[in-house]
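J.: Each chain, written out:
2 protein chains.
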Amino acid sequence: MIKVVAKNKLMNDKIEVVKSLYEELVNATRKEDGCIKYELYQDDKDATVLTMIEEWVDKDALDKHMKTEHFLKIVPMVGEFVIGNELNIYNKVF
Amino acid sequence: MIKVVAKNKLMNDKIEVVKSLYEELVNATRKEDGCIKYELYQDDKDATVLTMIEEWVDKDALDKHMKTEHFLKIVPMVGEFVIGNELNIYNKVF
Chain E
1 MIKVVAKNKL
11 MNDKIEVVKS
21 LYEELVNATR
31 KEDGCIKYEL
41 YQDDKDATVL
51 TMIEEWVDKD
61 ALDKHMKTEH
71 FLKIVPMVGE
81 FVIGNELNIY
91 NKVF
Chain Y
1 MIKVVAKNKL
11 MNDKIEVVKS
21 LYEELVNATR
31 KEDGCIKYEL
41 YQDDKDATVL
51 TMIEEWVDKD
61 ALDKHMKTEH
71 FLKIVPMVGE
81 FVIGNELNIY
91 NKVF
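Chains as they are written, first to last, in the working numbering: chain E, 1 to 94; chain Y, 1 to 94.
A couple of the hints might just be wrong.
Derived lysine-lysine pairs resembling DSS-like cross-links, with alpha carbons at most 25 angstroms apart [claimed, not checked]: (1) Y:Lys59 / Y:Lys37; (2) Y:Lys67 / E:Lys3; (3) E:Lys73 / E:Lys45; (4) E:Lys37 / Y:Lys73; (5) E:Lys37 / E:Lys3; (6) Y:Lys67 / E:Lys37; (7) E:Lys37 / E:Lys19; (8) Y:Lys59 / Y:Lys45; (9) E:Lys92 / E:Lys19; (10) E:Lys14 / E:Lys92; (11) Y:Lys64 / Y:Lys31; (12) E:Lys3 / Y:Lys14; (13) Y:Lys3 / Y:Lys59; (14) E:Lys9 / Y:Lys92; (15) E:Lys31 / Y:Lys3; (16) E:Lys59 / Y:Lys19; (17) Y:Lys9 / Y:Lys19; (18) E:Lys92 / Y:Lys92; (19) E:Lys37 / E:Lys64; (20) E:Lys64 / E:Lys14; (21) E:Lys73 / E:Lys59; (22) E:Lys19 / Y:Lys92; (23) E:Lys31 / E:Lys73; (24) E:Lys59 / Y:Lys31; (25) E:Lys9 / Y:Lys31; (26) Y:Lys19 / E:Lys45; (27) E:Lys45 / Y:Lys67; (28) Y:Lys45 / E:Lys45; (29) E:Lys45 / Y:Lys9; (30) Y:Lys67 / E:Lys67; (31) E:Lys14 / E:Lys59; (32) Y:Lys45 / E:Lys92; (33) Y:Lys3 / E:Lys19; (34) Y:Lys59 / Y:Lys14.
Hints in this document: simulated from the structure, not taken from any laboratory.
Because the structure is a prediction, the values reported are computed rather than measured.
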């Protein structure tokens with residue numbers, strides 16, 4: 001299993017449009033083979049921070065996800081409204 | 001439910017000692033009331049990045065956690081070896 005944390009800092013007035021875009025992405029992604037969890041979170045103190053927290057069976061499943069039609073359509077659209085981002089791919093220690 | 005992502009960038013030669021300290025913290029924390037998940041992850045490309053990904057029933061449980069003896073003992077010990085950190089507390093969007 002691998003864990004992904006994709007954290008985005010958004011433009012102040014684009015939070016709701018990004019949530020809508022991410023909703024479409026979440027719904028399509030959860031149907032993919034190898035997707036264990038794909039959930040969107042919002043920072044408790046800073047509403048402009050939206051973070052996808054993901055679990056995949058392996059890196060191959062994640063690679064395939066990043067080549068899907070929905071990923072390649074929606075992620076660049078979200079990117080228009082992002083002013084900072086961090087992506088970490090993690091292995092579990094314990 | 002609230003989600004916590006506590007990301008630490010460590011000194012290069014302190015990864016193993018921090019893992020040991022965190023192992024003790026994980027074992028004690030998982031016994032706390034209100035702790036749903038408390039897991040340590042290591043970045044796939046940068047071994048000096050260790051991140052705790054947590055789930056708590058509510059913020060009250062998280063607040064209590066941060067006042068426990070094990071938290072107050074171990075977190076400052078880890079802090080000696082941390083060169084950068086980020087803490088986000090998240091609410092689920094979907």
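J.: Are the Cα positions of Lys73 of chain E and Lys59 of chain E separated by 25 angstroms at most?
T.: Cα-Cα ~21 angstroms, so holds.
J.: Checking one constraint from the list: CA of Lys3 of chain E to CA of Lys14 of chain Y, max 25 angstroms. Satisfied?
T.: holds, 23 angstroms
J.: Does Lys3 of chain Y sit within 25 angstroms of Lys31 of chain E, going by the straight-line distance between their CA atoms?
T.: Answer holds: Lys31 of chain E to Lys3 of chain Y is near 23 angstroms, not above 25 angstroms.
J.: Within a Cα-Cα threshold of 25 angstroms, do Lys45 of chain E and Lys9 of chain Y meet the stated pairing?
T.: OK: Lys45 of chain E and Lys9 of chain Y at ~22 angstroms, within 25 angstroms.
J.: Keeping to a limit of 25 angstroms between CA atoms, is the pair of Lys59 of chain Y and Lys45 of chain Y held or broken?
T.: Since the Cα atoms of Lys59 of chain Y and Lys45 of chain Y sit roughly 32 angstroms apart, the hinted pair is violated (cutoff 25 angstroms).
J.: Lys45 of chain Y and Lys92 of chain E: Cα distance at most 25 angstroms?
T.: holds, 13 angstroms
J.: Sort out whether Lys37 of chain E lies within 25 angstroms of Lys67 of chain Y, counting only the CA atoms.
T.: This hinted pair is violated, its Cα atoms lying about 31 angstroms apart.
J.: Check whether the Cα positions of Lys64 of chain Y and Lys31 of chain Y lie no farther apart than 25 angstroms.
T.: holds, 13 angstroms
J.: Quickly compare the C-alpha distance for Lys14 of chain E and Lys92 of chain E to 25 angstroms and report which way the hint goes.
T.: violated, 33 angstroms
J.: Going straight from one Cα to the other, do Lys37 of chain E and Lys3 of chain E come out at no more than 25 angstroms?
T.: holds, 9 angstroms
J.: Could you grab the alpha-carbon distance between Lys59 of chain E and Lys19 of chain Y and see if it respects the 25 angstroms cut-off?
T.: holds, 24 angstroms
J.: Between Lys45 of chain E and Lys67 of chain Y, does the CA-CA distance stay at or below 25 angstroms?
T.: holds, 21 angstroms
Taken one by one, the earlier hints fail for this structure at numbers 2, 3, 4, 6, 8, 9, 10, 20, 24, 25, 26, 28, 30, 31, 34, listed in ascending order.
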